[in-house]
Amino acid sequence: MNKVVVQIKRFFSRLIVIFQRLFSILETPLRKIFGHKLAIPLLVLTAVIVQNIISTPNFFDISIKNGLLSGYIPSIMDEAGELLIITLGMTLVIAVSGGVDLSVGPIMAIAASFCGLLLNGSEYRTDVFQNPYILALFIGLLAGVLCGAFNGIMVSYLKIQPMIATLILFTAGRSIAKLITHGQTIYIMNPVYKYLGVQIPGVPIRTTILISLLFVILVTLLVKLTSLGLYVQSVGINGSAARLVGLNSNAVKFMAFVICGLLAGVAGLVGSSGVGSVNSGELGMSIEMDAILAVALGGNSLSGGKFSIAGSVIGAYTIQAITTTLYAMNVRPDQLNVFKALIIVVIIVASSEIFKERIKRLIRRILSSIPKSSKKTTVVGGCSDEN
Amino acid sequence: MKIKPHTTGDSFPLLKRKRISNTGILLMITILLFFTLYFASTIYFKSSNFAKYSVFFNLLNNKAHLLLLALGLTVVLITGSIDISVGSVTGLVSMVIATMLTQEGVDAIWTIPASLAIGIVFGAVQGFLVAYIEIQPFIVTLSGLFFARGMISVINAVSVPISDKTFMSWSGAKVFIPFLYNERKNGTLDIAYLTPASIIAIVVLIILIITLKKTKFGRALYAVGGNPQSALLMGINVRKTKFMAHVLCGLLAGIGGFLFTLLSPSGNPGNGVAYEIDAISSSVIGGVMLSGGVGLPIGTLFGVLINSLIERVVPLLGITEASWPRIITSAFLFIFIVLQSLFIGAGSKKGLKLTLQRWMTNLRHVFSRRKKNQPSS
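Protein chains in written order, with the working numbering: chain E, 1 to 387; chain Y, 1 to 377.
Keep in mind that the hints are not guaranteed to be accurate.
Over 12 angstroms on every C-beta distance to chain E, these chain Y residues come out as not near it, computed from the model [claimed, not checked]: (1) Asn49; (2) Ile109; (3) Leu142; (4) Phe147; (5) Arg149; (6) Val154; (7) Thr188; (8) Ile191; (9) Leu194; (10) Pro265; (11) Ile277; (12) Leu290; (13) Arg312; (14) Arg326; (15) Phe334; (16) Val338.
Partial list, derived from the structure: chain E residues whose beta carbon lies under 7 angstroms from chain Y [unchecked claim]: (17) Leu158; (18) Ile209; (19) Ile347; (20) Ala350.
Keep in mind that the hints were calculated from the coordinates and are not lab data. Predicted, not measured: the structure shown is a model, and the values here were computed from it. We put the beta carbon where it would ideally sit given N, CA and C, even for glycine.
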């Protein structure tokens with residue numbers, strides 16, 4: 001009986017020693033992999049994709065139906081389009097101010113309402129444009145820019161916390177959009193209107209995918225080629241220090257909010273074009289939540305400073321993949337929020353500094369407590385061998 | 001012997017004699033605004049009985065639940081944190097109560113501990129994440145919002161009416177206030193009344209006023225909100241204070257949910273949507289500063305009353321579209337937030353005083369110039 005216990009002890013001590021050696025070998029590469037900015041988003045995306053491959057074997061199949069690419073991946077990319085455009089703006093806003101822009105969803109609704117109003121005139125259901133299409137798009141985008149500028153002025157020049165400043169448009173925005181459309185859904189039946197959100201004839205890829213990728217490229221170029229990216233980071237890290245260096249930090253903040261408003265306007269136009277109607281109560285509903293989640297998933301700090309567009313893009317696609325997966329698992333859209341909320345909390349807790357430090361301390365404590373006991377057991381084991 | 005307080009030279013006499021804090025001025029503006037609005041509407045809408053006592057008390061009766069949510073937010077905002085999950089928690093509590101009463105057949109008395117427990121659990125989890133893991137309160141409570149809203153539809157995706165007799169008797173009860181009545185045209189008396197919900201709300205308000213003014217915990221809340229580092233140096237347990245503020249806010253949200261269910265006895269997936277925004281705007285209009293450390297519960301009461309008044313007045317203006325009250329409330333919110341940021345100035349707490357002094361000296365210059373000019377010309 002005693003021998004069995006001793007053997008078990010010896011077995012475990014050897015296991016622990018092996019584990020320790022493995023850990024010491026793997027420590028640096030592991031730290032390199034998990035220390036990378038894009039590690040967590042890529043890990044989550046991989047997990048979601050693996051889950052999808054297991055549940056649906058034809059996940060990677062892409063076929064052409066009715067002159068359009070169809071399949072799981074194109075549909076995820078298509079549905080993520082609006083979210084992706086919003087996320088780009090949100091990334092800049094979070095980076096520059098350490099706060100979030102809550103009003104993106106309402107801005108989408110306002111932009112689309114202006115566009116729909118101009119296209120349809122006084123009617124709710126027509127297929128004839130009352131005004132030039134380009135003009136309507138331009139006015140829609142202008143509305144987005146103006147809303148962004150309103151937020152920007154409050155945040156940068158009046159020094160109001162971004163979350164509170166954008167709360168005003170978040171509350172009033174949808175009501176304003178309903179006022180513009182007189183509380184009714186506007187149906188735009190002209191096929192030209194669907195170019196932006198569905199398909200341009202002859203192009204096999206959905207326009208949403210193309211537009212969202214176009215904006216990803218545009219914003220990346222804007223951030224990399226001009227000094228805006230650097231300015232945004234420095235203002236986000238320390239606004240007053242940036243001001244002392246000679247940056248106009250108010251202007252940089254203002255710019256970020258205007259860009260966010262413009263992108264929200266684009267997303268609103270794309271979204272309303274995708275369904276062929278303007279419903280100010282539904283368009284972009286709770287998209288701000290998804291966008292914040294995407295930015296957080298992308299490994300960006302929610303307290304401002306450094307940001308990575310690539311991370312946000314991966315984050316946005318991950319969110320959409322999670323959403324699609326949950327829909328495929330017969331989760332109702334209104335129940336989806338439970339899972340999303342849990343995922344956010346887990347990710348943010350896991351990436352928080354204090355949690356990381358506690359885990360490190362815990363691991364260190366376990367590792368430091370083990371060698372003493374393992375030495376003792378080896379001594380005991382040695383004695384038993386001699387006997 | 002009295003020691004004279006040290007005062008710097010140029011400040012004008014009104015402020016010299018009795019110092020009015022920023023809190024006091026924000027509170028005064030709010031109370032003045034409410035009474036101005038109320039008397040204006042009394043004069044403007046003569047036909048709609050604003051002069052009656054019962055109409056005045058109904059302003060509170062209709063928004064008792066909002067008062068509790070706003071009080072919770074006041075506590076949390078004073079510590080410099082925020083909780084935007086209160087609206088969804090209200091909805092969740094009402095759905096749980098409806099399901100308990102209608103589908104499970106539980107005795108009505110058990111709905112009270114259940115609603116309190118839901119509130120406390122939400123408050124405690126969020127408070128733990130905010131205070132001890134130091135995650136941004138906004139993100140934590142945003143996910144709390146979505147979790148609660150999702151849980152509502154997990155419990156029940158359809159509207160559940162409540163028909164429990166005990167609960168309905170609570171819901172329909174009225175406590176008439178003696179001596180406050182008007183005569184109707186047909187001779188009957190229109191006595192002002194309070195619902196049990198508003199009585200609970202007023203009791204909670206009074207308890208909270210005393211807590212924030214007199215107890216160690218209440219003063220710690222202000223200290224933590226004003227400057228967490230100096231609060232830490234003073235020996236206040238900052239984390240515990242923040243945690244307790246969130247728990248208190250959750251508890252008040254739970255009670256608020258119960259009162260909301262008393263007001264509209266049914267569980268509906270759409271219950272309590274955007275209530276957090278009403279609550280935030282009420283406390284901000286009531287003079288709570290979003291930067292923390294400033295605010296009084298009594299101001300929140302007036303914020304809620306203004307909110308209730310707007311909702312009542314706007315339809316009387318002949319505006320039928322339902323979106324206007326919300327737009328007007330957010331316009332008020334906007335004005336008050338801008339006022340606050342002016343008060344804070346460039347971050348110093350004396351910003352308002354300095355601005356006022358500057359204005360007064362400018363005015364003095366203007367007047368003195370005129371006086372000088374007049375004799376010469």
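Hints versus structure:
no.	hint	result
1	Asn49	28 angstroms, holds
2	Ile109	29 angstroms, holds
3	Leu142	6 angstroms, violated
4	Phe147	4 angstroms, violated
5	Arg149	5 angstroms, violated
6	Val154	5 angstroms, violated
7	Thr188	39 angstroms, holds
8	Ile191	36 angstroms, holds
9	Leu194	29 angstroms, holds
10	Pro265	22 angstroms, holds
11	Ile277	5 angstroms, violated
12	Leu290	5 angstroms, violated
13	Arg312	18 angstroms, holds
14	Arg326	5 angstroms, violated
15	Phe334	5 angstroms, violated
16	Val338	6 angstroms, violated
17	Leu158	5 angstroms, holds
18	Ile209	27 angstroms, violated
19	Ile347	10 angstroms, violated
20	Ala350	10 angstroms, violated
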